[in-house]
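**Q** As a plain string of letters, each chain reads:
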Amino acid sequence: MKIALIGNPNSGKTTLFNLLTGLNAKIGNWPGVTIEKKSGVIKNTNYEITDLPGIYSLSPYSIEEEISRKYVFDENPDVIINIIDATALERSLYLTTQLLELDCRVIVALNMADVLQKKGIKINIQKLEEILCTKIIKISALRGAGIKELINNIKIYNTFNKSHIYDSKIENSINKIQDILQIPPNKRFISVKLLEKDERFMNLETKEIDKIRIELEKYYETDLEETIAIQRYKFIEKLKKETVIKKIKTKTFSDKLDTVLLNKWFGIPIFIIIMFFIYYFSVGVIGNYTVDLISSFIEKISEYTKFLLKNINTSDWLISLIIDGIMTGVGSVLSFIPQLIILFFCISILEATGYMSRISLLLDKIFKKIGLSGKSLIPFIIGSGCSVPGIMGTRIIENQEEREKTVILTPFIPCTAKLPMIALFSGYFFGKNSGLISVSLYFLSILIIIFSAILMKKIVYKDTNNTYIAELPEYKLPNIKYVLRDVWDKVISFIKRAGTIILICSIIIWFLLSFSFKLEYGININNSILAHIGKSMSWIFYPVIGINSWEATVSIIQGLVAKEQVISSMSVISGLSEGGTKIFEIGSVFNFFTPVSGCSFMVFNLFSAPCFGAIAAMDKELFNSKKTIKAITFQTILAWFISAFIYQIGSRIEKGIFNITDILMISIILVILSKILLYKKEEKSECRYCPYANSCVR
Amino acid sequence: MKYIGEICNLSELEVGQVAKVITLTQINRKIRRHLLDMGITKDAEVTIKKIAPMGDPISILLRDYELCICKEDLKNIIVEVIK
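These protein sequence lines are chains H and R, in that order. For the first sequence, position 598 (counting from the first letter as 1) is numbered 598 according to my numbering, and the numbering increases by one without interruption. For any residue, its number in my numbering is found by taking its place in the second sequence, counting from 1, and adding 698.
Some clues are possibly wrong.
[Unchecked claim] Cut-off 27 Å, straight-line C-alpha distance, at most; resulting in silico cross-link-like pairs (DSSO-like, lysine-lysine): (1) H:365 / R:773; (2) H:148 / H:37; (3) R:728 / H:218; (4) R:718 / H:122; (5) H:38 / H:122; (6) H:256 / R:747; (7) H:37 / R:773; (8) R:747 / H:476; (9) H:264 / R:747; (10) R:728 / H:365; (11) R:769 / H:369.
[Claimed, not checked] Computed from the model, here is a short list of chain R residues facing chain H with C-beta under 10 Å: (12) 718; (13) 721; (14) 730; (15) 737; (16) 738; (17) 741; (18) 747; (19) 761.
The hints are simulated quantities; they were obtained by calculation from the structure and are not laboratory data. No residue lacks a Cβ here, since even glycine has one placed at the ideal position from N, Cα and C.
When you get a sec, could you build the whole thing from the sequences and use the hints?
**A** Pasting the structure below:
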């Protein structure tokens, strides 16, 4: 049996799904967490259940919502569990009235039943069942109450529901259209959609239907889309009057909290402080204490292993592979796990409390100015964990252009895979100030995003004014169990990457470093295969780090596989080169780095093309490989210019030869940039006075 | 400040004011459909609840939940002020 889980966004579908299946899909407190359908089997049964992205109506506006509608029509589920939020009954039942028009069994799960009493709401379930002609079961997905009853009812409930909610005039027309329609199932539903002129069903349109529609439109003096929505809500209002008793509460806890967090003066500063502390705390403070501890621990292990291997007479090359290749490569990445845990934890808390929606509300106006939506912020913040879910999360943005821009910009946010590099470089070069340097890199990424967004708005995309319609969820105390599970999942997947991709890459790097083209072992590292490859390309990065270093070049290129690999590769190379040192120690091949070239090196790695995983996600969301290639080229070229700029200016300041000509050069560049940014396309004169210019599609 | 009984669009009201929806303008079918689905239909009562720090978007209370809409879209909602 196939079961579909359908309900409004943020109504607790995924929490229920996890409960029923024992799986661990991602949840959060903002509309749009679930972006793809996910199937599982209900525990102790053979029922297949599918969790779908939330929808408000069966006439969707964004891609992820279209997935839900498509599932209902193409997969023909046997039962629909319609989960509704008891605290927002009217809006939830609107979708229910649509689902009840399908030829499918519908069971209503009344979620958040536990909050009702606290809110002073009483619902007469029996009466509600009677009027809606369906089965209603009280549950609390968060507390796991009512689940058994729900499963039992899936087994026994067998009534097809036919509720009649419109006035007689429309009901009659629906019956007439149903007679005209021949084969398709869901006749009643399709009849209503035909009255509404829903594009998906217009292929079934006939002259008679058009006649019926025109007659009705004349009678109601407005189009039927509006009339039908009005009648649905009228039906629900009446229903609510008969079944719900509610004490009126004027100010909720959320309202009180919002007077501070959405305050006219403090709202945005508070947001900046929160983000600052999240990054400062996780990258700076925690990092300083833990990295040395863990890396010395890993070092001890590898020394011990080396000792052990030598004692059992292992051959030299195998010891080198295990110690210099695998343990160095994988270990260099693993030492950053404490920072990841903190960062993942903070982001998870942000998602669970409901602050995410506030953030997009806070900054919508600024983001609109640069051609993005306030909703773009959600992918950006998720992207500071990992770009891939961030890029996929752009699906909550309805406007296609804004969405594409957000997809292209999300990889600019330093993800946790780039964090080892940030922590290592800033920790070594800036010591106590490393936290500040790390945070400033996040702020630099924001500047770069703003700059690129304006650039795209001016050059590639049209200047359009866009909409913002989104539900504002109430604040919730995060459920620590779910938060910890989320963090655990992410950390485990990071460790898995270290154990798979990074491990394989480390072995390959070791091989390419230890052998020459003639496959001789025991050569000088400068004659290795990798050295030759790197040398042929090192000129590209000369302006960025001020030296022709094949070691740095090959490390940068490996960032494409996974950004952690940059550090991993550097560790392996410096370990294998003469002297066998750690990355920045005296005698290391990377000893040439100065604070300035360290910064420019980081900046290039942070903002150039993301890893293959993120590129694949971009490609999937842009629906167009040409666009993906353009986007990646844009990112890489931009990163090169910015990092070269930083190095050229910075190194001159470092050496004390910064003079008036440099200032002149900088100001010329700034003037050109501002010219580009302030460039305005000429408005068509006919548009200027047109009242519809803002929503015009042209 | 709009007075009781006045007919205007929803973007012109201030925090705390209550209005009754009369109709939605025909400007953009997709947005119109979205607003209808969210419960902004004839006779629905809406309260202006919160305004984002920069003055836009605006959060309104209707049908027991809060909905944030930007000013540009609010202009399409024609209402009668009742409080």
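**Q** Look at each hint and say if it fits the structure.
**A** Structure-based check of each hint:
no.: 1; hint: H:365 / R:773; in the structure: holds (16 Å)
no.: 2; hint: H:148 / H:37; in the structure: holds (24 Å)
no.: 3; hint: R:728 / H:218; in the structure: holds (22 Å)
no.: 4; hint: R:718 / H:122; in the structure: holds (26 Å)
no.: 5; hint: H:38 / H:122; in the structure: violated (34 Å)
no.: 6; hint: H:256 / R:747; in the structure: holds (12 Å)
no.: 7; hint: H:37 / R:773; in the structure: violated (35 Å)
no.: 8; hint: R:747 / H:476; in the structure: holds (19 Å)
no.: 9; hint: H:264 / R:747; in the structure: holds (14 Å)
no.: 10; hint: R:728 / H:365; in the structure: holds (21 Å)
no.: 11; hint: R:769 / H:369; in the structure: holds (14 Å)
no.: 12; hint: 718; in the structure: violated (13 Å)
no.: 13; hint: 721; in the structure: holds (7 Å)
no.: 14; hint: 730; in the structure: holds (8 Å)
no.: 15; hint: 737; in the structure: holds (5 Å)
no.: 16; hint: 738; in the structure: holds (9 Å)
no.: 17; hint: 741; in the structure: holds (8 Å)
no.: 18; hint: 747; in the structure: holds (8 Å)
no.: 19; hint: 761; in the structure: holds (4 Å)
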